[in-house]
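Engineer: Sequence:
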Amino acid sequence: MDCSLIRTLINRYCAGEENWVDSRTIYVGHREPPPGTEAYIPQRYPDNRIVSSKYTFWNFIPKNLFEQFRRIANFYFLIIFLVQLIIDTPTSPVTSGLPLFFVITVTAIKQGYEDWLRHKADNAMNQCPVHFIQHGKLVRKQSRKLRVGDIVMVKENETFPCDLIFLSSSRGDGTCHITTASLDGESSHKTHYAVQDTKGFHTEEDVDRLHATIECEQPQPDLYKFVGRINVYNDLNDPVVRPLGSENLLLRGATLKNTEKIFGVAIYTGMETKMALNYQSKSQKRSAVEKSMNVFLVVYLCILISKALINTVLKYVWQSEPFRDEPWYNQKTDSERQRNLFLKAFTDFLAFMVLFNYIIPVSMYVTVEMQKFFGSYFITWDEEMFDEETGEGPLVNTSDLNEELGQVEYIFTDKTGTLTENNMEFKECCIEGHVYVPHVICNGQVLPDSSGIDMIDSSPGVSGKDREELFFRALCLCHTIQVKDDDNVDGTRKSPDSGKSCVYISSSPDEVALVEGIQRLGFTYLRLKDNYMEILNRDNDIERFELLEILSFDSVRRRMSVIVKSATGEIYLFCKGADSSIFPRVIEGKVDQIQSRVEHNAVEGLRTLCVAYKRLIQEEYEGVCKLLQAAKLALQDREKKLAEAYEQIEKNLILLGATAVEDRLQEKAADTIEALQKAGIKVWVLTGDKMETAAATCYACKLFRSNTQLLELTTKKIEEQSLHDVLFELSKTVLRHCGSLPRDSSGLSTDMQDYGLIIDGASLSLIMKPREDGSSGNYRELFLEICRNCSAVLCCRMAPLQKAQIVKLIKLSKEHPITLAVGDGANDVSMILEAHVGIGVIGKEGRQAARNSDYAIPKFKHLKKMLLVHGHFYYIRISELVQYFFYKNVCFIFPQFLYQFFCGFSQQTLYDTAYLTLYNISFTSLPILLYSLMEQHVSIDMLKKDPTLYRDIAKNALLRWRVFIYWTFLGVFDALVFFFGAYFIFENTTVTSNGQVFGNWTFGTLVFTVMVFTVTLKLALDTHYWTWINHFVIWGSLLFYIVFSLLWGGIIWPFLSYQRMYYVFIQMLSSGPAWLAIILLITVSLLPDVLKKVLCRQLWPTATERTQKSMKHKASVSAVPSTDGPLLKNLLQLPKHN
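Per my numbering, the sequence shown runs over residues 19 to 1156.
Among these hints, one or two may not hold up.
[Unchecked claim] When the alpha-carbon atoms are kept at most 30 Å apart in a straight line, the in silico DSS-like pairs for lysine-lysine are as follows: (1) K208 / K659; (2) K826 / K973; (3) K608 / K750; (4) K309 / K208; (5) K173 / K208; (6) K963 / K1127.
[Said to hold, decoys possible] Cβ-Cβ distance ranges computed for the label pairs, FRET-style: (7) F404 / K1127: 43 to 49 Å; (8) N77 / F998: 49 to 55 Å; (9) F998 / F1062: 24 to 30 Å.
In short, the hints are calculated from the structure, not lab data.
Everything numeric in this text was worked out from a predicted model, so none of it was measured.
Just so you know, even glycine gets a beta-carbon here, dropped at the ideal spot from N, CA and C.
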């Protein structure tokens, strides 16, 4: 038998149909289709259990260990530990094993606890009761026992237990309202629609009699996309086929609202639900600090191997003299003499590797993880970043990128909802050249001192009245708004000002603004009932239009349409959208006058939409229906086929007019952009809006200034000249002054010309496209060179994918700058995921951006503090942590290297096993962890006032090679001082007052004592922000070392077979020269670093150091007592800045 056939059968009967076909067939209520219709193939699907946990009781230990040892540092230390167990090494396996065990255990406990919480949450979810239909009766069982095909009943305020196709509801119109806050954070009510042929089934018996099958796509994670169709069998006739879309799908995790109950059939269960498929994490982003850290680790690994090689070679050189290799008191055995020389050398090399392996700091990884985890809470706890209006605070979705917030060089921001409030206010509409301005309204609130209708220009004649009313009807009908009445009384709708009001709900604030605006012009949208849209005209008469089709809005078409039928039987297609998508489809209307008004409004910064229509005769409508039905029923490429159908339908339109709404700038958006520019960050605005509208917003938010010369790279300009000529002309303009713009410390140009670039989506497509002649690549480099020399860039008419392309283009340019993308809508998700750091604004366009981002903020203004304060602190703290860890490990292990020259390269350890084990775990770990959480080298207020301080840390300034080499050489210098200082002081003073001789353990303990005090005091000197916690941890660590040493060497421990440190520490402290050595060597070790800092601050101070100096001066002035009373109490209550 053919192997492929066997594989097919196995997949089909063991793994389920979904593994080998693109769609699945579901039998509603598990009822077989009528004979002769289609083959009944039972399929296997997972049950409804949700498993968000990673581990089980049985696989936790092996799986967790496997994951932890995939980290290079952990695996390296495991190898060292195994080497210590296998061969005779100078140090006990405990010295490597205990720190490794500590790191592995702490991480395992943390991950195990987190997984236990996930298990608890899963069990609670899987055991909650669910009602489903069985043999015409309502049965209750646990959620985990649900199967695909079961018919489920869900009551109001209950959560859907799995992904359901909506069959019917208690509402007569077959609709239900849901909230998806747990899925995408949107709290607004959404309307979903039951299948047309099943919405009349209101009882359990009715639903149980349903005979239908559902064909749909295999599970995929997109919450907003679903493709399927339902076949409803009525008697023996051919089945009725209806398309299914996302409006018929009720997702697991969503909640039923304002609806008594609904019936639905389960199509995706358990881990195949869209909610579960969205559990998977996004691609891992790595910060620049982490990359630097890994490079430094490789350097130190090379140093370690070099040390081991040097010592191995020197050992055999030293042992080339017979009396050294085999002294009279240590004769070799015959087997030792006969051992292979290369094997002996390799064993010695491994032994030296073990001896020096502490130069690689294994505990650094744990400390960095803890610092990032605990440090991320400072953002969520920041009360200044909490928005009282929305009740929202900042969110941290990943703590791995905290320090990257301090390294941002480019910010790519959306406009609508990010720079602006996304709170639309209807300003005017233009109908065939006549402009109408209603009295100002915003979110249903009429502003005071405004009444009636203000008509600009001459009123239209009698012939224009019909077009005017048609325009108003178009705006009342062409939308997807839900109406929530303040009262439930049906009947004639009174005029808007009669006291009866309604609330319009929509996912788009533009739609609400337009319908509210038209309401002030005399036409009120009432509701959608039984598929009829009702509007109230100026004469207070209700007009009913049957809603035949909705051609939904999408960001590619940038328009939407409805097809409606009036009471007189006329069929209309009303279309509204962006001017660029409407004008090319218009064949009639006053295009020039309307286009002129649209351009005028765009320059004013208003958002414009155009409205058009066409009448359809019955034959045309039937053709449209067939076209749409064929596209809607397609299971493959449905979106593409629908787009093609829409393209054919939305043409030959008659232009009616245009609207203008205002989207106000967010509070302090201009101040935020100005501060970011002063910080040396380039801000780009990426938007789908018109060029004129976006440019006006850019001027309002100070991205462009009055002296900014705007350079255009637009389709219009490329039509006049070739792309090549335009690019070279722009390049000459911006590079005229030596190729760059000299700037002062504020980041803004002084007397030189500022340039701002405007590019549209079509031009970007041409730039990204390779040259046809195949010559040197494409125009990207030239475009990048122009952008680098512009103070700001505006990209308009951008599709979502183009936003991501722009971010990627800059991210992968030769400088590899750190990029940040900020947006509030689903169309911004692609650029948020592409950038090094993605920030979502918790806005009115849903929470897709916030869910997919690394961080989320309530308003754009909070970006200033997030970068200039939190980002600055995070970077300063973690860079000091990384450099300090390498420094203290060089101090620790380099004396061990020097000691080999004085012990015949015998691999004798300088320090006791306890000191080797606890140095990184206990003696020096807490001070640097606390420093990395609390250090503030400059006050928060100063960082907000002076954004230029951000420039001091730009381009990974504190982790460059120059700084890394300085820290390394400082560690080597200190190690030389420790070792040779102790060596020369004790060279002639090796006898104590009672005649006892100092031994090698006393020498090693002295070196270790000086080292612990030096590295801890070095950190104390670097600390600028002192609190009682700093004092407690720093001085407490030193005290702990002294107490531990006294106990370790002062008591005979019964569990030790030998105790080489007994009385060593006490004996050392009883010696006067030892005290002198400790004080003198600590002073000499710290002196060069202190001198270097003093000289650099005096001769070449950075902006940060100048600020610190001015802060000290202000503090000293304010500390002078006044006649109002003593200030000492107030000063003592505040932490001090050094």
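Engineer: For every hint, state whether the structure bears it out.
Structural biologist: Tested hints:
1. Simply put, K208 and K659 have alpha-carbon atoms about 26 Å apart, close enough for the 30 Å limit, and the pair holds.
2. A threshold of 30 Å between alpha carbons decides the hint, and for K826 with K973 the separation of about 18 Å falls inside it, so the pair holds.
3. Between K608 and K750, the direct Cα distance comes to roughly 41 Å. Violation of the 30 Å bound is thereby established for this hinted pair.
4. With a C-alpha separation of about 44 Å, the suggested pairing of K309 with K208 is violated against the 30 Å cut-off.
5. With a CA separation close to 16 Å, the supplied pair K173 and K208 stays within the 30 Å bound.
6. The straight-line distance between the Cα atoms of K963 and K1127 is roughly 16 Å, inside the 30 Å bound, and the hint therefore holds.
7. At roughly 34 Å, the beta-carbon separation of F404 and K1127 lies outside the given 43 to 49 Å, and the hint is violated.
8. Between N77 and F998 the C-beta distance comes to about 53 Å, which sits within the given range of 49 to 55 Å.
9. Checked against the given bound of 24 to 30 Å, the beta carbons of F998 and F1062, roughly 27 Å apart, stay inside it.
The structure is inconsistent with the numbered hints 3, 4, 7, although it conforms to all the rest.
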